[in-house]
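So the sequence lines, in the order shown, correspond to chains A, B, C and D.
For what it's worth, numbering that gives the first Met the number 0 labels the leading residue of the first sequence as 0, then goes sequentially.
For what it's worth, numbering that gives the first Met the number 0 labels the leading residue of the second sequence as 0, then goes sequentially.
For what it's worth, numbering that gives the first Met the number 0 labels the leading residue of the third sequence as 0, then goes sequentially.
For what it's worth, numbering that gives the first Met the number 0 labels the leading residue of the fourth sequence as 0, then goes sequentially.
Just to be clear, a hint being listed does not mean it is correct.
The list treats identical chains as interchangeable, and a pair is accepted whether it falls inside one copy or across any two copies.
Unchecked claim - Derived SDA-like pairs: lysine to any residue, alpha-carbon spacing no greater than 25 Å straight-line:
#1 Lys95 with Pro77
#2 Lys95 with Asp109
#3 Lys95 with Cys71
#4 Lys95 with Arg128
#5 Lys95 with Arg76
#6 Lys95 with Leu125
#7 Lys95 with His75
#8 Lys95 with Arg143
#9 Lys95 with Val63
#10 Lys95 with Arg19
#11 Lys95 with Asp82
I should point out that these hints are in silico values taken from the structure, not numbers from a laboratory.
There are 4 protein chains.
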Amino acid sequence: MEASGRSFGDGGRIVETAFRVRYAETDAMGVVHHTSYLVWFEVGRTEYTRAVGLPYREVEDVGVRLVVVEACAQFHRPARYDDLVVVRTTVGEGTKATLTFRYEVRLQWDGTLLVSGHTVHAATDLSGRVQRMPERVRAALTGRAPP
Amino acid sequence: MEASGRSFGDGGRIVETAFRVRYAETDAMGVVHHTSYLVWFEVGRTEYTRAVGLPYREVEDVGVRLVVVEACAQFHRPARYDDLVVVRTTVGEGTKATLTFRYEVRLQWDGTLLVSGHTVHAATDLSGRVQRMPERVRAALTGRAPP
Amino acid sequence: MEASGRSFGDGGRIVETAFRVRYAETDAMGVVHHTSYLVWFEVGRTEYTRAVGLPYREVEDVGVRLVVVEACAQFHRPARYDDLVVVRTTVGEGTKATLTFRYEVRLQWDGTLLVSGHTVHAATDLSGRVQRMPERVRAALTGRAPP
Amino acid sequence: MEASGRSFGDGGRIVETAFRVRYAETDAMGVVHHTSYLVWFEVGRTEYTRAVGLPYREVEDVGVRLVVVEACAQFHRPARYDDLVVVRTTVGEGTKATLTFRYEVRLQWDGTLLVSGHTVHAATDLSGRVQRMPERVRAALTGRAPP
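With the rest of the complex left out, here is chain A (with noise of 0.2 Å):
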């Protein structure tokens, strides 16, 4: 499914989330607009966080931001209106200072992959001043104790 010899996730935790796509979110080439699927991202990123305990809204409540620095995404074949997607979420390497979310939205019924992706992220308060990626956000995210 990859040209690496790794395969998504890598070991880590995968979230699936599902939903079917909105008109609003077609172009009128007939298919999703492009800029969408970074969207989903987005919604994937917020399940991923809440299914290993740590949910978005509650980072922002402790006054951390994780904010975008980089966004990538292949697109591979276009999802239609009212299609059932699947967007899978993982957390990969990152640096002392940030942490990569990495994506595949696919078809729900057949599995054909549809966009891959990835989004780099840097810590914040919430007046925008970066700072180090606390660990207790890591460790939660990554899945790995905090040293």
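Starting from the known structure of chain A, arrange chains B, C and D on it as the hints suggest.
What follows is chains B, C and D alone, placed relative to chain A:
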């Protein structure tokens, strides 16, 4: 142009804002998605407040928000990708607590009426509590001197 | 709940659709942008058509489009990121040429009414020409037998 | 301005498009939602095609679509509501089947770099089948004479 005897603007100021239709604003019907026109109303509102000397950003800077409490639109004809459209914005009647903006979206080259509508706005503080519409705001937006 | 003596749905079918608020649907006021609710109306409409046995995708497949000719919404209270909301959708009165959908958006956990509204739809062919509302479509959506 | 020795545009044509940030483009962080910048890339692309004499609308009119197969963006600093921003667009290298557009989003008044990125496009017919990039399209967009 209107069913009633009154014409659009009714003697008050009309501010025109022109721009091109974005691909992202279309949907699978091949034309502009109906909710995009309400985003354009908001663009027209922003430019109206700038034109009368009280940019909306400054309204928020002094701790007042004009929240939308009602929005209505009639869709007469569709706009298409790359069309040059113009939003005509005016401020109509209101109550002690509200202000009403009215809008027309037209094709720029021949004036064809595409969409008409209005939004009603209440004043709140930054925490969302409704307050009386500040006279300075009402006077600036309606062009009438404060009492 | 309504100013008139009639209750929402008025005896007709009500279809409920629940989902979570997306981050992309919020704006700088910290709450959901008002146009997002109209996208949710559309989500409710899609699920209504599925529930009554005539999914909108099939309507388009037979060459009929239900285009939005009017949309109105009243915004009572704001939804926030990650809130679980429910859209309640019903079909009301119409004319020979139109059908009216009515909507309520509520917080799921306590039923607080956030937004109410309606959309009016005309039938067109795939080229956008208005036609009489097909009886099969009207019967399916209103739950009344064709004459 | 760039880590590599090459400067943006690398000698090719750069087309600038300026506009104001819309309220609808912000999110609950108080700044522009990251997916909005990709919509702006598309606006820049549209204006680039117009500036080089082959408006994208005409590309579609002759039965060719330039579909997005990859999109990447780096987010350096956030834009805010009502900021006047400029999108700088250029066409870079490509393959036989693809064209790459590159973008910078800057604050207009002082040139601060907000976002940079690129999109890769493949040519398809109107049914979505990938085809070789038509030489007329490639020549017009890259500014190089067809072979």
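Hint by hint, here is what the structure shows:
For the identical chains of this complex, Lys95 and Pro77 are inter-copy neighbours only, at 22 Å across copies versus 36 Å inside a copy, given an alpha-carbon limit of 25 Å. With identical chains, the CA atoms of Lys95 and Asp109 are never at most 25 Å apart, being 38 Å at best within one copy and 31 Å at best between copies. Taking the closest pair of Cα atoms, Lys95 and Cys71 come within 25 Å of each other both inside a single copy (21 Å) and across two copies (22 Å). Within a single copy, Lys95 and Arg128 get their C-alpha atoms as close as 15 Å, which meets the 25 Å cut-off; across copies the closest is 41 Å, which misses it.
With identical chains, the CA atoms of Lys95 and Arg76 are at most 25 Å apart between copies only, with a shortest distance of 20 Å across copies and 35 Å within one. When the C-alpha separation of Lys95 and Leu125 is checked against a cutoff of 25 Å, the pair qualifies only within one copy, where the shortest distance is 19 Å, while the shortest distance between copies is 36 Å. For the identical chains of this complex, Lys95 and His75 are inter-copy neighbours only, at 18 Å across copies versus 32 Å inside a copy, given an alpha-carbon limit of 25 Å. For a Cα distance limit of 25 Å, the shortest separation of Lys95 from Arg143 inside one copy, 14 Å, qualifies, whereas the shortest one across copies, 45 Å, does not.
In this assembly of identical chains, Lys95 and Val63 lie within 25 Å of each other by CA distance solely inside one copy; the values are 15 Å within and 40 Å between copies. For a Cα distance limit of 25 Å, the shortest separation of Lys95 from Arg19 qualifies neither inside one copy, at 36 Å, nor across copies, at 31 Å. In this assembly of identical chains, the alpha carbons of Lys95 and Asp82 never lie at most 25 Å apart, being 39 Å within a copy and 31 Å across copies at closest.
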